[in-house]
Amino acid sequence: MEEGDDLESQEVDRVETITRAPIVRTAIERSKYKLVAENIVASYSGVVAVKDVTMKFKEKAVTALIGPSGCGKTTFLRCLNRMHELSKGAQVTGKVLLDGQDLYSTREDAIIHRRKIGMVFQKPNPFPTMSIYDNVAAGLKLNGVRDREIIDQIVKGCLEMVYLWDEVKHDLKKPGMSLSGGQQQRLCIARALAIQPEVLLMDEPASALDPIATQKIEEMITELKKEYAIIIVTHNMQQAVRVSDYTGFMYLGELVEFGETVQIFENPRNEITAKYVQGQFG
Amino acid sequence: MITIEQRAEFRKHFRNNIPTRLMTDRIVKGVVFCCVVVAVVPLGSILIEVIRNGGPVLSVDFLTQIPGAVGSSQLGGVGPAIQGTLLLIGLSSLIGVPVGVLGGIFLSEFGSNKLGNTVRFFNDVLAEFPTIVIGLFAFVMIVLTFGSFSILAGTFALSIIMLPIITRTTEESLKLVPVTYREAGYALGIKRWVVITRILLTSAKSGLITGIMLAVARIGGETAPLIFTILGSSQFFSGLDQPVDALPLRIWRLSLLPYNSSIAEGWGAALVLIMIVLSLNIGIRYIFLRKQGGGGGRFRIARGG
Amino acid sequence: MGDKVFKIAAAVAATYVLAIIVLMVFQLINGSSAIWSKEGISFLTGSSWNAVEGRESYGAAPYIAGTFVTAGLAMLIGVPISMGIAMFMSELAPKFLRTPLSFVIELLAAVPSVIYGLWGIYIFRDYVRNWIEAPLNSTFGNSVWFLSGAPFGLDIFTASLVLAIMIIPTISSISREIMIAVPNSQREAAYMLGATKWEVFKMAVVPYSKSGLVGASILGLGRAVGETMAVTMLIGNATGSSAFPSSLFAPGQTMSSIIANEFAEASAGSLHLAALIGIGLILFIVAIGINIVAQLLVSRVLKAHEGAVLA
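Protein sequences, first through last, are from chains A, B and C.
With the working numbering applied, the first sequence corresponds to residues 1 to 282, in that order.
With the working numbering applied, the second sequence corresponds to residues 1001 to 1305, in that order.
With the working numbering applied, the third sequence corresponds to residues 2001 to 2311, in that order.
There may be inaccurate statements among the hints.
Unchecked claim - Far from chain C, by Cβ distances over 12 angstroms, these chain B residues were calculated:
| hint | residue |
| --- | --- |
| 1 | A1039 |
| 2 | L1075 |
| 3 | N1123 |
| 4 | L1278 |
| 5 | N1281 |
Claimed, not checked - Heads up, simulated DSS-like pairs for lysine-lysine below, C-alpha to C-alpha not over 25 angstroms straight-line:
| hint | chain 1 | residue 1 | chain 2 | residue 2 |
| --- | --- | --- | --- | --- |
| 6 | A | K174 | C | K2210 |
| 7 | A | K156 | B | K1012 |
| 8 | C | K2004 | B | K1175 |
| 9 | B | K1029 | C | K2202 |
As the list claims (entries may be wrong) - If you only want the chain C side, here are some residues facing chain B, beta carbon under 10 angstroms, derived:
| hint | residue |
| --- | --- |
| 10 | G2002 |
| 11 | K2004 |
| 12 | F2006 |
| 13 | V2052 |
| 14 | E2053 |
| 15 | F2096 |
| 16 | L2108 |
| 17 | V2114 |
| 18 | I2115 |
| 19 | W2131 |
| 20 | I2165 |
| 21 | A2260 |
| 22 | A2268 |
| 23 | L2271 |
If you're looking for bench data, these hints aren't it; they were derived computationally from the structure.
Source: prediction; values computed, not measured.
C-beta: ideal position from N, C-alpha, C; glycine also.
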């Protein structure tokens, strides 16, 4: 789809201008961004959930995806590390470029790419039979890291990054399930960080947590941003304002507006965005 | 905290083991697929051999006549065995169905207590129980007490085998009836037992039928308990206190004989039996697929005896 | 009034199951009391088997051993294949294949045992003897004790193979349900780390469902232990001390097969009959133990996800 193709409708045109105009498809332009999603169309058993979304994500920045439930934001996020295709009847077309390399170019590569693009899910899902230590080290073993000392270092470092080290350093052998909900979620983030990803995807990481645990996760995101490109799906607009630098608003499977968070919330250019951020629907 | 330099250092320890891992993955997938083939081949072989060897024997005479004299080259029939199997199924159902359905009603409607849990648990244990032990039990209980092998003893044994299957499927299908049906009935002031027997059982009908068919398919193929109870006979049914024949028992007896004609009869009887059992199972699957959740759960397919 | 009667009737019907089990214990003890008072503990440990009047002597040890050897061998072969099938059906098979395939596998369970026996004697036995037993025996027969002896085809090995085929549908269909009950979030966690399908299975599915899979296998063991007809027809029926499993290619005997085989020869009131019922009692105890453990393991897993499994 080329820019300015759709001129039949003013409304669509305006949306197109906002979302697509800045994208100049040259290799140099792409390289400014860590992750670029182009023309993503995703469906479940024929039902289209994401309709041709193009978005790009900067390094060392947090991008929030907001929108009412069912708008396709989670599906879109899951396309970014080829997780969507694992669902039954799921289909994806489009490109996802990590440092200019297309994740979807070959079939088998998914496992390499998923390692580079870590993901944190809505509900904490530690491996219940593994200890805290083993949960964090799980991905390292897959990737052939054998050196005990290195594994110890990484586990400690990652637990520190999620502010969990001090709480669990004496209980590393305990099962991951023995932790509280918030701790479990941070353990899952540590598990994702352990394999040294370049991008971190978070699907409503705090939705199942209490306010204090949520606050910890948010602080952590702000800290992690110094090193990673983070993309976070949230239905909590205050959270988007607090943690993100850029915000994309999705509605009915389309990216309606995408820009700096301050602009989206204070000065939205689209009517629907304005209604949504003012809480008129959702 | 992990610094950027550290991260670069850590990454050096990651091995490029992806080709090997993908290869392992592919090998495992291949092996797993072979497992499926290994399981399907015997089923195919059994069906083919039973049809190939049993098919030529089938005739109206074979289905209706009594067995020939042992060792004669004349092909006998399995009429008494078919009659016996049908009688056993019918009589066992007379006991097994009402008791099993009532038991299922108890578990579903009144069974969330200690008695219910105990019954549910032992019901499942009994469902997986060696049927030969049930046969021995029926032998001691009925045959030794009354002094003769009889169709009644066989009925007693087979009804015990039916019971857990029917109880379980009844409970499961009653639990699938929406609570609103019950509430609607009670709101109209209808008595509980009327609600259960008129409304709930009617709504759960397909589940109940599935359960009964499962149980029938299961006892239709049972052999071991019959050795101790009905004994076997070459004559048609002659009274409730007399021995009878049954297809699976006849197959066993025929397979032990060294004559080609007996073995051919055995295959013929096997074909008749497998047609009965498989058509029941396919019928069950049809009901089950047509009305999803029509009961069954763990017992979607009748276990062969 | 009607309600009360109805509830009592239902409770009586439900309790019938318990009554049957209690009565079974009682009758089996009663029916076998003669053998216990004559042989005592040596009924369990002895191996002589002589039904000639005046010189009667009965020991069940070879048949207890035979049961465990055949069932164990069947597990050794059947469990890995069942797990493979369950993995294929829950993790790998395309959607359109799952239902028909699970139906076909479960049909294996519907084939009556006596037909397995018939097929085993006249078809399968020849393949086993010519393609598996003979080559194994000629290669290893002299060096490996359990592969010695001229293969005949009607022996412990063939019986165990057929048993393995018979327990595959039981184990694989329950295992499949248990694997399906593993929440997808577990699989996603492993995928997220860059795991392949096999690694996801090892890392997320197996540890999560382990106790249920063990339970499913034990249910299969219960079935193998109690299985009668196919084993009776295929195991070769040795008695006395020669029935002790010495080689896979030697004829053997299990608890259930000796009961089925010798029942016709035991007259009412004889010690022989009491011995057979005594073996039935041992089988009862073994089977009820196995099944209770299995039910506890399986139902705990499946009930926790009841909606997912039964819906």
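Hints and how they fare:
Consistency note on A1039/B: stated as away from chain C, yet its beta-carbon is not over 12 angstroms from all of that chain's, at 5 angstroms minimum. At the 12 angstroms boundary, the C-beta of L1075/B stays outside the reach of chain C, the nearest C-beta of that chain being 17 angstroms off. Under the 12 angstroms C-beta cut-off, the non-interface status given to N1123/B relative to chain C is violated; the minimum distance is some 5 angstroms. Not every Cβ of chain C is farther than 12 angstroms from the Cβ of L1278/B; the closest lies at roughly 7 angstroms, contradicting the non-interface assignment.
For N1281/B, the requirement that its beta carbon stay farther than 12 angstroms from each beta carbon of chain C is not met, with the minimum near 5 angstroms. Using a Cα cut-off of 25 angstroms, the hinted pair K174/A and K2210/C holds, with the two alpha carbons roughly 19 angstroms apart. Using a Cα cut-off of 25 angstroms, the hinted pair K156/A and K1012/B holds, with the two alpha carbons roughly 18 angstroms apart. Simply put, K2004/C and K1175/B have alpha-carbon atoms about 21 angstroms apart, close enough for the 25 angstroms limit, and the pair holds.
Taking the CA atoms of K1029/B and K2202/C, the gap is near 13 angstroms; set against the 25 angstroms cutoff, the hint holds. Annotation: G2002/C was flagged as interfacial toward chain B, and the flag holds, the nearest CB pair being 5 angstroms apart, inside 10 angstroms. At about 9 angstroms, the closest approach between the beta carbon of K2004/C and any beta carbon in chain B falls short of 10 angstroms, and the interface hint on this residue holds. The criterion of a C-beta within 10 angstroms of any C-beta in chain B is met by F2006/C, whose closest approach is roughly 4 angstroms, and the hint holds.
The restraint placing V2052/C at the interface with chain B is violated, with a minimum CB-CB distance near 23 angstroms, outside the 10 angstroms limit. At about 20 angstroms, the closest approach between the beta carbon of E2053/C and any beta carbon in chain B exceeds 10 angstroms, and the interface hint on this residue is violated. Checking F2096/C against chain B: minimum C-beta separation of about 14 angstroms lies over 10 angstroms; hint violated. Given the 10 angstroms rule on beta carbons, the hint for L2108/C holds: about 5 angstroms separates it from the nearest Cβ of chain B.
For the restraint placing V2114/C at the interface with chain B, the shortest Cβ-Cβ distance is roughly 4 angstroms, inside the 10 angstroms limit, so the hint holds. The interface hint given for I2115/C holds, since its Cβ lies 5 angstroms from the closest Cβ of chain B, which is under the 10 angstroms cut-off. Residue-level restraint check for W2131/C is violated (minimum Cβ-Cβ distance to chain B is 13 angstroms; threshold 10 angstroms). Evaluation of the I2165/C hint against chain B yields a held restraint, the C-beta minimum of about 5 angstroms falling below 10 angstroms.
At about 6 angstroms, the closest approach between the beta carbon of A2260/C and any beta carbon in chain B falls short of 10 angstroms, and the interface hint on this residue holds. Checking A2268/C against chain B: minimum C-beta separation of about 6 angstroms stays under 10 angstroms; hint holds. For the restraint placing L2271/C at the interface with chain B, the shortest Cβ-Cβ distance is roughly 15 angstroms, beyond the 10 angstroms limit, so the hint is violated.
Taken one by one, the earlier hints fail for this structure at numbers 1, 3, 4, 5, 13, 14, 15, 19 and 23, listed in ascending order.
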